[in-house]
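Please take these sequences and the hints and turn them into a complete structure.
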Amino acid sequence: MQTAEFRAAVVSWIDDHGGQELALSPDRSGSIDAVLGHQRRIQRMLFDAGLMRWGWPERAGGLGGTPALRAVLGEELTGRAIVHTAPWSMHEVLGPAVLEFGPPDLVADAFPRLLRGEEIWCQGFSEPDAGSDLGSLRTTATRDGDGWVINGEKLWTSFAHHASRCVVLARTGEPRSGSRGVSAFLVDMDTPGITASPLRTMADVDEFCSTSFLNVAVPANRLLGSPGGGWQVAQYILSCERGPIFWQRGAWLGHHLAKLVPAARDARSQALVGDAFQQLWAFRARSMATQRQIAQGNLPGPEASVDKIMIAATDQAVFDAARELLDGGLETDDSPAGAAWRREWAYSRAATIYGGTSEIQKDIVSLRLLGLPRGA
Amino acid sequence: MMAADERALLAETLDQLAREHDGAELTKALEHFGFADLLAGSPRVAVAELFTAMGRAGSMSAAIQDVLGQPLGDLAGQAGLADLPGRAGHDAARPAVLLPAMGQPLAGIVQDGGLTMRGLLLGQRQADVMLAPLSSGGEIAWVRVPDPGPQARRLVAGLDPALALTEITLTPGMAAGPAAEVVLAGKEAERRWQAVAAAGRRALGYQIVGAASQMIELAVSHARERVQFGRPVGSFQAVRHRLADSFVAREGAAAALDLAWDADDERLAGMLAKSLAGRAARIAATQCQQVLAGVGFTAEHPFHRYLARAMVLDRVLGSAAELPTEIGAELAAAGAIPRLAEL
Numbered sequence: 001m002q003t004a005e006f007r008a009a010v011v012s013w014i015d016d017h018g019g020q021e022l023a024l025s026p027d028r029s030g031s032i033d034a035v036l037g038h039q040r041r042i043q044r045m046l047f048d049a050g051l052m053r054w055g056w057p058e059r060a061g062g063l064g065g066t067p068a069l070r071a072v073l074g075e076e077l078t079g080r081a082i083v084h085t086a087p088w089s090m091h092e093v094l095g096p097a098v099l100e101f102g103p104p105d106l107v108a109d110a111f112p113r114l115l116r117g118e119e120i121w122c123q124g125f126s127e128p129d130a131g132s133d134l135g136s137l138r139t140t141a142t143r144d145g146d147g148w149v150i151n152g153e154k155l156w157t158s159f160a161h162h163a164s165r166c167v168v169l170a171r172t173g174e175p176r177s178g179s180r181g182v183s184a185f186l187v188d189m190d191t192p193g194i195t196a197s198p199l200r201t202m203a204d205v206d207e208f209c210s211t212s213f214l215n216v217a218v219p220a221n222r223l224l225g226s227p228g229g230g231w232q233v234a235q236y237i238l239s240c241e242r243g244p245i246f247w248q249r250g251a252w253l254g255h256h257l258a259k260l261v262p263a264a265r266d267a268r269s270q271a272l273v274g275d276a277f278q279q280l281w282a283f284r285a286r287s288m289a290t291q292r293q294i295a296q297g298n299l300p301g302p303e304a305s306v307d308k309i310m311i312a313a314t315d316q317a318v319f320d321a322a323r324e325l326l327d328g329g330l331e332t333d334d335s336p337a338g339a340a341w342r343r344e345w346a347y348s349r350a351a352t353i354y355g356g357t358s359e360i361q362k363d364i365v366s367l368r369l370l371g372l373p374r375g376a
Numbered sequence: 001m002m003a004a005d006e007r008a009l010l011a012e013t014l015d016q017l018a019r020e021h022d023g024a025e026l027t028k029a030l031e032h033f034g035f036a037d038l039l040a041g042s043p044r045v046a047v048a049e050l051f052t053a054m055g056r057a058g059s060m061s062a063a064i065q066d067v068l069g070q071p072l073g074d075l076a077g078q079a080g081l082a083d084l085p086g087r088a089g090h091d092a093a094r095p096a097v098l099l100p101a102m103g104q105p106l107a108g109i110v111q112d113g114g115l116t117m118r119g120l121l122l123g124q125r126q127a128d129v130m131l132a133p134l135s136s137g138g139e140i141a142w143v144r145v146p147d148p149g150p151q152a153r154r155l156v157a158g159l160d161p162a163l164a165l166t167e168i169t170l171t172p173g174m175a176a177g178p179a180a181e182v183v184l185a186g187k188e189a190e191r192r193w194q195a196v197a198a199a200g201r202r203a204l205g206y207q208i209v210g211a212a213s214q215m216i217e218l219a220v221s222h223a224r225e226r227v228q229f230g231r232p233v234g235s236f237q238a239v240r241h242r243l244a245d246s247f248v249a250r251e252g253a254a255a256a257l258d259l260a261w262d263a264d265d266e267r268l269a270g271m272l273a274k275s276l277a278g279r280a281a282r283i284a285a286t287q288c289q290q291v292l293a294g295v296g297f298t299a300e301h302p303f304h305r306y307l308a309r310a311m312v313l314d315r316v317l318g319s320a321a322e323l324p325t326e327i328g329a330e331l332a333a334a335g336a337i338p339r340l341a342e343l
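These protein sequences, in sequence, are chains U and S.
Once you know that position 94 of the first sequence is 94 in our numbering, the rest is easy, because the numbers rise by one and skip nothing.
Once you know that position 282 of the second sequence is 282 in our numbering, the rest is easy, because the numbers rise by one and skip nothing.
It is worth saying that the hints were derived from the structure and are not from the lab.
All C-beta atoms in this analysis are idealised placements derived from N, C-alpha and C, irrespective of residue type, glycine included.
Any given hint could turn out to be false.
Just so you have them, the derived chain S footprint on chain U, three or more residues with Cβ under 8 Å [as the list claims (entries may be wrong)]:
hint, region
1, 1-8
2, 71-81
3, 253-265
4, 277-283
5, 362-371
Spelled out as structure tokens, the structure:
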């Protein structure tokens, strides 16, 4: 399946199913229940039409083809706001690592449900004392017969309160074992001992949670990779994030910028729109090369930190332009549309933080791409 | 599509020529190399490799005139100019393309048969005639202008004397007026101007990105070697992040230049690429100058040459300060955000 052919199939499917009417209306986009419920319906329809299955291997319920097909699907959906990029990203964030490191029977069982929208997965990486410094995480997984018992607290676990499963990073080595003593697990969220407590974001949405694990029993076949191989899984997940997820975020930004264009009537507004668009275009050009590398089977390395820095800056440029062009609307408009702009603007503030802060990315660029020396 | 190893070899050769020669000498060396043939056969490779190399080396040549003249080839013939760009040894007969003065949309105006021109000649081509895009009755006209002589020419020293930029200023009373001839008007003249502007923006974009790359390279090697407080200054995060910012801006501009050739709107993609190149150069200039500190402020250190070259070229065919407004106006007129190129 070629990307052009696939794109045509996706676009005609969208047109046949109501086109722009498939988009979630602004008055419902503030409710995570509504956003996720809408996405589940769309995802189920896309799965039944086969479109959700392209770009994933057959052993996972897919139809084969490169990840570029997933990027195209995400682009056409988020570019019309049919799905929201944040929840739509979750299968992209976690799916590839479970495919790569999960036992085959687990993949065959769980993956089709993920693709059909029956399940949402979440990512249990960050902790209260382990954000950018992920290697200092304290959640533990100790042996118990064949299986494991997990104890600890995770933070910023997006959609944990709606998720069926969680990829958890936990320490299986000594307390001071750093990144070497970490293992990754796919944990069922309905296991006794897990409590996901939503934290309200400044975007006024219950998107992420504080998630505690108290004597959570995890069977042996839920280990991803080998004991102590969790860092490799984490690195894999982070590099997969640079693929279709960034691409569809770009489409989402393009969709929002397009809504602002009619308001750009004076030179000042045009300069803001022009600047945001040129950053979006530079990102698109950069990311296109990355997507093509991924399609050839090359996982992005440190150079994808450039993509991350670019998309985060573009995200904020687009919504900063929105704030100016809405001319007070973002601060004062109490209609559903005004509230939706506020949410998206607020969400964009986190773009330089989530998925590895821009400071961490600049460290990677300067140390690994420019060859500058590490600090004392 | 050119094979990767063939392209690498070409790039290496052009890079060497751009480093060893400058100005008329480089022009001659490129003619000997057959640059015009390469430009005709593989414009993308020719422009990307040569102009990046000239940017990195800090050199310039009349190859910019070959690039600007490419969309006007038949026009030159129509005007009775036998020698199209690319014929070696007939420099004097080849037209030079006059670009608008900095900040101007066109190179002047034709009114009541009289010419008012303010334009720039890049690349030091000694030509008997110029082709100039002028405003005529609210439209664009290409005008063939005989060399207006020394009273209309000024070799610009300015910020970057080594660029050998020539400024042409012509007022209705001056000598060249009557012999000037409109060779193309209307929609086709507009289309050609857009093609010339896009070609020029891409070429100068590569050259600016090349200069930015050189600024980054100079600053990175300084940051690795210069020791203060007992450690290389490049080990301080505040220093490293300045260089990372420069590198990211450079990478974005380089990607936009490479994708400009595939975009379905050549004009918009050219404006975007040039604007992003200028933006990257401004970021690199600020950040790298700070990292180079005192030594980068001396005339002895080469940094200022790249800074000057990038700043001057940034202002030709629209700067990073001007183009975003124009781009925004285009988007507003279209009422949409184009994708320009598909995955």
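Hints, one by one, checked against the model:
With 3 residues having a Cβ less than 8 Å from any Cβ of chain S, the region 1-8 of chain U passes the three-residue criterion, so the hint holds. Interface restraint, the region 71-81 of chain U with chain S: holds (3 residues with C-beta to C-beta distance below 8 Å; minimum three). With 8 residues having a Cβ less than 8 Å from any Cβ of chain S, the region 253-265 of chain U passes the three-residue criterion, so the hint holds. By the rule of at least three residues with a Cβ nearer than 8 Å to a Cβ of chain S, the coverage given for the region 277-283 of chain U holds, with 7 such residues.
Counting residues of the region 362-371 of chain U whose beta carbon lies closer than 8 Å to any beta carbon of chain S gives 8, which reaches the threshold of three, so the coverage claim holds.
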